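Fit chain E to the given chain G structure using the hints.
Keeping their order, the protein sequence lines are chains G and E. Residue numbering for the first sequence follows the numbering used here, starting at 1 and increasing by one per position. Residue numbering for the second sequence follows the numbering used here, starting at 1001 and increasing by one per position.
No wet-lab data here; the hints were simulated from the structure. These numbers were taken from a predicted model, which means no experiment stands behind them. There could be a bad hint or two in this list.
[What the hints assert, rightly or not] Here are a few chain G residues that face chain E, going by a calculated C-beta distance under 8 Å: (1) GLU212; (2) ASP225; (3) ARG230; (4) THR231; (5) VAL233; (6) GLY242; (7) VAL247.
Beta carbons are placed, not taken as given, at the ideal position from N, Cα and C, and that holds for glycine.
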Amino acid sequence: MSRPHVTTAAELSTLRDLEFVARTTVEGLRHGLHRSPFHGYSAEFSQYRHYRPGDDLRYVDWKRFARTDRFYTRQFRETTNLSALFVVDVSLSMDYGGKFALAQRMAAVLGTLVLDQDDAAGLLSVSDTVNYLPPRSGHRHLTLFLRELATRRPRGATPFAAALERAGLLLTQKGLVIAVSDFYDADVVVALRRLARMGHEVVVAQALDVDELALPELGAVEFVDAETGRTVVVESGAAAPGYAARVHAWLSRLEADLRRDGFDYLRVTTGDNLERSLRRFLVARTGGA
Amino acid sequence: MGVTFLQPAVWLTALAVALPVAIHLLTRATRKPVTFPTIQFLETTRLSAAARHAIQDRPLLLLRVAIVLLAVAALAGPILVTPAREAAWRARVARAVVLEDRTAAPEDELRSAAVARTFARLRLRDAVADGVRWLEQQDPKTREIVVLSAFRRGATDAADFAAVPGHVGIRLVRTSDGSSMREREISKIVWREGRAVRVLERLTLTPDSTEVRELEATALDEAPVRVTATPADQPAADAALRAVLRRGLRLPPAGLLEPITVRWPGDVETLAKLLEARLEAPVDAWEPETLPDAELASIAREPAPQGSPTPVDAGDRRTFWALALALLVAEIWFRKGAAWK
Chain G
1 MSRPHVTTAA
11 ELSTLRDLEF
21 VARTTVEGLR
31 HGLHRSPFHG
41 YSAEFSQYRH
51 YRPGDDLRYV
61 DWKRFARTDR
71 FYTRQFRETT
81 NLSALFVVDV
91 SLSMDYGGKF
101 ALAQRMAAVL
111 GTLVLDQDDA
121 AGLLSVSDTV
131 NYLPPRSGHR
141 HLTLFLRELA
151 TRRPRGATPF
161 AAALERAGLL
171 LTQKGLVIAV
181 SDFYDADVVV
191 ALRRLARMGH
201 EVVVAQALDV
211 DELALPELGA
221 VEFVDAETGR
231 TVVVESGAAA
241 PGYAARVHAW
251 LSRLEADLRR
261 DGFDYLRVTT
271 GDNLERSLRR
281 FLVARTGGA
Chain E
1001 MGVTFLQPAV
1011 WLTALAVALP
1021 VAIHLLTRAT
1031 RKPVTFPTIQ
1041 FLETTRLSAA
1051 ARHAIQDRPL
1061 LLLRVAIVLL
1071 AVAALAGPIL
1081 VTPAREAAWR
1091 ARVARAVVLE
1101 DRTAAPEDEL
1111 RSAAVARTFA
1121 RLRLRDAVAD
1131 GVRWLEQQDP
1141 KTREIVVLSA
1151 FRRGATDAAD
1161 FAAVPGHVGI
1171 RLVRTSDGSS
1181 MREREISKIV
1191 WREGRAVRVL
1201 ERLTLTPDST
1211 EVRELEATAL
1221 DEAPVRVTAT
1231 PADQPAADAA
1241 LRAVLRRGLR
1251 LPPAGLLEPI
1261 TVRWPGDVET
1271 LAKLLEARLE
1281 APVDAWEPET
1291 LPDAELASIA
1301 REPAPQGSPT
1311 PVDAGDRRTF
1321 WALALALLVA
1331 EIWFRKGAAW
1341 K
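Chain G with its partners taken away, still in its complex shape (with noise of 0.2 Å):
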């Protein structure tokens, strides 16, 4: 495992451009979400006690309140802090337009607001090295962590499955796996399902540009795949339709075998509005509260 020792101007750039994406963000996402979208684990259920004005709703037991007519309040007997891991892809695929960035900023906002309500967040990268920053939780590691972020560059193509494996490896108690991919890799839902087994929660969030999504004119042209570097010549006038239809359907396919397997689903393209999707998506993971 390497870590990075020096920042580049670049990485120094990018830091700022995170840090800032990640705090308005943060900010504006706070103003539209009642509680956190993410919390920890109880270890164990431990007893009732009957309902105190300023108890948490979510710990009312609703069914022995409807067989008894009285509230009781769940109580456990430890309960962890959350520690949550960001694999983030760094193959050659996603080098493509404003992919990446895209994937760093999904990683940052929702990393900040991990680190926000003193939760732990991790973050692993594997290419040709394994790049890994453990959870941990505290502003510091907040820039830390977001520093770590700022320095991942795509390179290689080691499948991102390869990656959610080592995290598998990696975790040594039941967390919150964020895995931030394009999903081209055939074998990650595999992947994902292995995580979801060990216990760890998995939320899905892909990262694709908009030229993806809809092939662009460019007339004939001769595409080279970043990551095999096998090569395709078309029209892409005439492909275009053939070509939206067929990545729609793989999305359809993905998202429909990511539900079934119970993970949370979150899409963005570099065309969406950043806050907006992932105000949607919190929202939506907090049962719309």
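This is chain E only, laid out in the frame that chain G set:
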């Protein structure tokens, strides 16, 4: 080993090679490959005409240029000149076999030549002339005229071969010694259909028979023989001359150089003898019967090869077409492979 072309002007069409090269360079300059996150959702589409010509890599360009060049070379009539082929070409012979009589030519004379044909006419010199004309129409190759004859004196002589071009070889093959047969050509003046006619006859004498064959007849404006008489006897003298000519009056071998005038002797038989005495050549002048070997050797000569050694072989053209076709198949395979890789 070298390559020559029957129609080198066709190589001007090789300028067509410039087309794919120009398209290649132009498209390369204006269009760069686009790196895309994934091409798994892209399928090769039917390209426009311009895009189809957009050669993406150098091997494909070289392949296409080679195809065009081979096709042009095939159209230009390629000839691969190998030493073996050149030697074989030089050994090719076009042979005109001249026969004195109607007997068939020996098989080996015909088989050993690339092209061969037999010629037989009543007069050997006519058959030789026919043979020379035919030889001149053949493709450039060694030409030879072979005369199969007894070479009897009178039937042929060196003058018959004077018109044979120098590069045409002459081979004279004596078929018999001529002792069993004699042959003469006789010129006569006869009276036919009210006018004097010069007639050339061949007289063939064998132990069993005598054959007279008329070779040609030329009408004369006036008889080359005149009989003078007194005005009273002139009609009788003219009638007697016509009677003598009807029987035929033989001319000397050299022909009749000047008209002959005799005095009217008084009767037809005496007139006939008088004229024959003036005209007929001595029989002894026709001997010996055949031309000597030394004279034949002076006529014979080796053939000289003509033209540049261009052994035309249609197989060469087919070879070039086959190569072009093979490269075309390779090009299609290459292109499809590149599109689907």
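Right, here's what the structure says about each hint:
1. GLU212: 6 Å, holds
2. ASP225: Where the cut-off is 8 Å and the nearest Cβ of chain E is about 5 Å from ASP225(G), the hint holds.
3. ARG230: Nearest chain E Cβ about 5 Å off; hint holds.
4. THR231: 7 Å, holds
5. VAL233: 6 Å, holds
6. GLY242: Because about 6 Å separates GLY242(G) from the closest Cβ in chain E, which is inside the 8 Å limit, the hint holds.
7. VAL247: At about 5 Å, which falls below the 8 Å cut-off, the nearest Cβ of chain E leaves the hint on VAL247(G) intact, so it holds.
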